[in-house]
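Trainee: With the sequences and hints as input, model every part of the structure.
The numbers in full-length UniProt numbering rise by one with no breaks, and the one at position 55 of the sequence shown is 55.
If you're looking for bench data, these hints aren't it; they were derived computationally from the structure. It is possible that some hints are incorrect.
Claimed, not checked - Subject to a maximum C-alpha distance of 25 Å in a straight line, what follows is the list of computed BS3-like cross-link-like pairs (lysine-lysine):
id, residue 1, residue 2
1, Lys-63, Lys-32
2, Lys-28, Lys-17
3, Lys-63, Lys-30
4, Lys-30, Lys-17
5, Lys-63, Lys-28
6, Lys-38, Lys-63
7, Lys-32, Lys-17
8, Lys-38, Lys-28
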Amino acid sequence: MSGAGNREQVFPTPLTKRFRDITQRIDKAKRKMGRVIKTFSLAEIQYATGDNIGYQVQESVQKARFSS
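Mentor: Structure follows, in structure tokens:
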């Protein structure tokens, strides 16, 4: 049935390679933007509180969230 026979090797086409390259660059850019936003949010909080953020708060935060 399925997978019982020998499979032919499938080589990626130039279009598939280009698509994978583009998606990898998008992923890297999104991850970098996440780090930038995280750093900016910390700087914003430090400015608003006068650099008086407790160590406990910084260590207990698991994920950055934005609420308006």
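Trainee: All the hints need checking, so say for each whether the structure fits it.
Mentor: Now for the hints, and whether the structure bears them out:
For the suggested pair Lys-63 and Lys-32, the alpha carbons sit about 16 Å apart, so the restraint of at most 25 Å is met. Between Lys-28 and Lys-17, the direct Cα distance comes to roughly 17 Å. Compliance with the 25 Å bound is thereby established for this hinted pair. A C-alpha spacing of about 16 Å is found between Lys-63 and Lys-30, which places the hinted pair at or below 25 Å, so the restraint holds. For the hint pairing Lys-30 with Lys-17, the CA-to-CA distance comes to about 20 Å; that is within 25 Å, so the pair holds.
Between Lys-63 and Lys-28 the alpha-carbon distance is near 19 Å, which keeps this suggested pair within the 25 Å criterion. With a C-alpha separation of about 9 Å, the suggested pair Lys-38 and Lys-63 falls inside the 25 Å cut-off, and the hint holds. A C-alpha spacing of about 23 Å is found between Lys-32 and Lys-17, which places the hinted pair at or below 25 Å, so the restraint holds. Distance hint between Lys-38 and Lys-28 is fulfilled; the C-alpha atoms sit about 15 Å from each other, no more than 25 Å.
Checked against the numbered hints given earlier, this structure breaks none of them.
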